[in-house]
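Each chain sits in its own coordinate frame; assemble them with the hints.
Residues per chain, in single letters:
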Amino acid sequence: MGAGTLIRPTPLKSSPLSQQRPPPRTPTPGYHSSNSISIPRSSTPVKASSSLNSQGDYGGPKPKRECVADWVSQNDDVVRSLPIYVGGLSLLAVLVNRTISGIAPVADASSSQSRADLLTLGLAVTNILNGLVWLSIRPKSVSAVNPEGAECQSICPLLPDFISSELLWVWESLSDATCCRSLIIVYDKRVILQIGFATASSNTHDAVVVDVDKLMKGSLYQGALKSKSQSYLANLSLYPAKSELPFLPPNTQAVILQPLGDKGLAIIGGDMIRGFTTSDQAWITLVGEKLDATLAKMNNIPVNA
Amino acid sequence: MYAFFLQICSNSIKSGLRMSGTALSPFPLIPFSFPPDIGNKSYPLTKFPTRKLKSLAKISCSRSDNSSHSTSQQQQLNLSVLRFTFGIPGLDESYLPRWIGYAFGSLLLLNHFGGSDFSAITPAQLRTEVLGLSLAAFSIVLPYLGKFLKGATPNNEKSIPEGAEPIFLMSQNIPDTLKEDLAWGTYVLLRNTNTISVLIFIQDALCVRGYWNTPKDIPKDQVHDWFEKEINKTGLFDLRETLYFPQAEELWEILPRGTRSFLIQPVLHTQDSSSDKTEMSDGFVLLASSSTYAYSSKDRAWIRAVANKFRDPRNVRLMSALLR
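Heads up: the protein sequence lines correspond to chains A and B, in order. Per this note's numbering, residue 37 is the first one in the first sequence, and the count goes up by one each step. Per this note's numbering, residue 2 is the first one in the second sequence, and the count goes up by one each step.
Hints in this document: simulated from the structure, not taken from any laboratory. Owing to the predicted nature of the structure, the values given are computational and were not obtained by experimental measurement. Be careful, since some hints might not be right.
Here are the simulated BS3-like cross-link-like pairs (lysine-lysine), alpha carbons at most 25 Å apart as the crow flies [unchecked claim]:
| id | chain 1 | residue 1 | chain 2 | residue 2 |
| --- | --- | --- | --- | --- |
| 1 | B | K180 | A | K333 |
| 2 | A | K326 | B | K299 |
| 3 | A | K326 | B | K148 |
| 4 | A | K264 | A | K250 |
| 5 | A | K264 | A | K333 |
| 6 | A | K98 | B | K230 |
| 7 | B | K148 | A | K176 |
| 8 | A | K98 | B | K234 |
| 9 | B | K151 | B | K180 |
| 10 | B | K234 | A | K100 |
| 11 | B | K148 | A | K100 |
| 12 | A | K278 | A | K264 |
| 13 | A | K225 | A | K326 |
| 14 | B | K148 | A | K98 |
| 15 | B | K221 | B | K234 |
| 16 | A | K262 | A | K250 |
| 17 | A | K100 | B | K299 |
| 18 | B | K151 | A | K176 |
| 19 | A | K100 | B | K151 |
| 20 | A | K98 | B | K299 |
| 21 | A | K176 | B | K299 |
Bound-form chain B, shown alone (with noise of 0.2 Å):
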């Protein structure tokens, strides 16, 4: 049988214990800790009342908040909540319904034709047979329909694609602020959000950090060249709203290989012509990342916040001269 921890952290404080009086550990070697007083600490309180476990160190679960419900929530079941865990350190446990599919499925067929003679089986086993074997495939589809509910955790581990180096790369002929902007921008990307590969392109200032498949054949000094040519084939400077492809093979050739999403965000300012407004683009800020559906609607939030930093001064300063 498997040798699975059970650790049942009760969800109901709404009493008011202390969670070292209610939380059941029957298997002592997992510590239990809860979190701290809401002082000034910058714990944060998360939205959600329990979190996903990565590591045993540590198992927390928040407070229900009585005080500031509103009469207009919804009902919560108040359910204990079950976490199974097998005590191994990066595995992830909300794939365990599609090993049990896959299990429990191979051993319905083993039991099928290897069990007892075929002449022998009877239609009420078939028709188990049938359920269970479309149950398995259920369980199988289920941790990818789990990605999409809410308040799914991402998966954040970056893995770092064969043959890729760090690189850093910036245009020399640009103005030092931009080359601050650009360093801080690329790096708060690759640390913020699950980034392996930046790429900044910005009124012909070129900003490249994380890894990417530069060919080896080319000299140090025209991998820029390599990189804008690359650039070009893309047509991507052109692109006026915000493409995202979760679940992607690498589509152009400056795309790191093992990219399996990447974002392109553009850069645009509002100008008015004589007509209407229209949306220029001052360039685009491309994101590669190792797994699928890497970013949500949260991080695309941030990233196009980051784009527009890299807006034309010239524009925005229009927007601070209303205010004078």
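Excised from the complex, chain A in its bound form (with noise of 0.2 Å):
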């Protein structure tokens, strides 16, 4: 055991290397959580009294199934380049329908024929350039990357149950909202928690131990607690301070560290490069704050001898 680590790694519940992915966090058509489907009904009107059955079950009304969103969420490429055909195609139209009408195709407002004929064409030329601008946004598809390493489910034994409640929510919500597929958290100088994957140890094919003395000296968590501000690291392999992060799984593709007030350190790791959208940045800071007043309350915990 290495000085002043306070953990005790527990036995852990599920086979180490091979863990069943969890339901991918893709955006999904469809507006209703995955614990239910809620039956589609037609807009129905309002009634005051709130009809509760014998079970308890909600009576009230229930949103409608949005065919049009639903749609296009799921044929994104197709509607993207929709509009470059429907420009095209009007624009060879208007060409086609002046030649075989004998009209000559000079482009002059004159009559009343090419004047509707310049304005189809603008709108066609409208929908063109609409089209070549949803298909450049296309946002870039990455997949994630499994890590490869252990699982682990390791905590502070000595923590009160709000803390650890608390510690567990946090976990909770960056694996199922993010990409996060690690969690490490030190705090007051000892490793709080780590829980997801980690980097197995060679011999014993068990999660590392964190060693908290070199993190703290080296520069990612001097840097990160010395701005005060979350340091997104999108794409760790470009990064040679990779090498203080040896406990995270070696294919970890990107890392948020969070610092907590100025005494701890979250440490974030993703299975997808740019894998953190902006608001899940924002989210990370606000629980980290939270995180950051709610450790402030620990008194000092004894160090097990």
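This is how it looks when you write it as structure tokens:
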């Protein structure tokens, strides 16, 4: 055991290396949580009285299915190039119309036919350009990389209940809402939580223990705490400072370092390059502040001999 | 003619050129800045190769990351990105096809009725006009379709409904930790999502924050009771699934006027009864927004996470006991 570490590695609940991947976090069409499917109903008038039946189910109005939105989300590529085809075909149609009607293809606004043609051409060009814009702002599809290593769920055993439940809530939220696969929380010179995937040590195939002193002397930790703001390493393979985080699985793609006040750091490892969106970053900042407020209430936990 | 500023931001940086060399700015008025080095700064490199312009002060294009392209990645069209702006802040240029559709469509009609006399309208012209009008209709619908594409930037402008006042109400007889959690939860939801009003109702504790339309004739100390009464009318505490109304008018009296979309997230915990697991509701979180389609799936995932914070601590403690 390294000096100063209080982690007692607990027995793993599931097989270490091949863990079933949680359901994908790509945006799914449909507007209901994955827990249950709401029965689509046409828009109902509001009934003022709540209808409680004997099982205590909710009986009020429910949202109706959004056909257009679902269809567009599912056929993203088709919809993106649709305006281009529509615009292009209309362009050709206008020209063909002019030629078969025997009118000279001269672009002037003298006759009302020419004016109508010009307006239609303008609309066709607008559509084509809009289609081009949509195609160019298509988000890059990055695939998730399954982390290599052992799963671990270690928490400092001497924490009061409210702190350990809060830590577990943080892990549950991050793993559910973002691409986070590893979470390490260091506070007050100790690792108080190490959960998710971690590097497996070569001889025991268990998760590697974090060397806190070495981490705290490293540039990543120092830099994060000095700047007091979140640090997002969107593509970890580009950073030489990656060697300061040997406990994360070697193929971790992105890392967020969130300082917790001036005494702690949360290290969040993800499985996709640029996997944490700006919205995720804002949420992680706020969750970090909450966690810092909670951890500050912790009295001095005695170091285990 | 329209005097729009055309910014061409080249996306073909695969050759590794610096941005200053390749950025073309025919109109020198718009300053152009490119992202700082990927150092320790927390500059967010988003997933999307370009970002929608909201203000003109900064236009940034992120580099396409060559080193990480996996072979299984889709073929990407290497197009230059065209960005039209009028230079007016707050104007959403993605609605340009709609305006053009309306304008050209009405001009077409004007041309048809007000142009040369009726008898001279040829079938060719009629064909063109029909084509033009259908194109105009398509252009009008286009921004609506574009909202549902991946990578569409949501409209984050919150408009405050008229007659609504900001309130912050919390039940009094609850433990301090719950009060702190409620205050934090409502603050975070108001700040990070496109929400103007939030209500959290957990095990008889109520917290209301944001802009609400409370009836004016009720004295201050009875507002709490009014909210509870309205909640009883809706029957929401039996809810067991997330309800998201992306385009609804106000269904219940409790919702502020001007609500265009709202979401109700129940706070659930599974209870192992004798035969099977049932999900019991501890309460719910109600969020109302003044724009339609306000909550993306990412927002909903985080709202679920915040709602889980309010689960009954007795059930949560079970989880941490398993780790000892």
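Taking the hints in turn, this is what the structure says about them:
1. K180(B) to K333(A): OK: K180(B) and K333(A) at ~16 Å, within 25 Å.
2. K326(A) to K299(B): Holds, at about 20 Å.
3. K326(A) to K148(B): 33 Å, violated
4. K264(A) to K250(A): OK: K264(A) and K250(A) at ~20 Å, within 25 Å.
5. K264(A) to K333(A): Satisfied, since the Cα-Cα distance of roughly 20 Å is no more than 25 Å.
6. K98(A) to K230(B): At roughly 21 Å apart (the allowed maximum being 25 Å), K230(B) and K98(A) satisfy the hint.
7. K148(B) to K176(A): 18 Å, holds
8. K98(A) to K234(B): 15 Å, holds
9. K151(B) to K180(B): 38 Å, violated
10. K234(B) to K100(A): Distance of about 21 Å is within 25 Å: holds.
11. K148(B) to K100(A): Given pair K148(B), K100(A) holds - Cα atoms ~18 Å apart, limit 25 Å.
12. K278(A) to K264(A): Since the Cα atoms of K278(A) and K264(A) sit roughly 20 Å apart, the hinted pair holds (cutoff 25 Å).
13. K225(A) to K326(A): 19 Å, holds
14. K148(B) to K98(A): Holds, at about 23 Å.
15. K221(B) to K234(B): Measuring from Cα to Cα gives roughly 21 Å; hence the hint holds.
16. K262(A) to K250(A): OK: K262(A) and K250(A) at ~17 Å, within 25 Å.
17. K100(A) to K299(B): 21 Å, holds
18. K151(B) to K176(A): Holds - the C-alpha atoms of K176(A) and K151(B) are around 10 Å apart, at most 25 Å.
19. K100(A) to K151(B): It holds: about 22 Å lies between the C-alpha atoms, which stays within 25 Å.
20. K98(A) to K299(B): Holds: K98(A) and K299(B) sit about 21 Å apart, inside 25 Å.
21. K176(A) to K299(B): 17 Å, holds
The structure fails hints 3, 9 (numbered hints given earlier, in ascending order).
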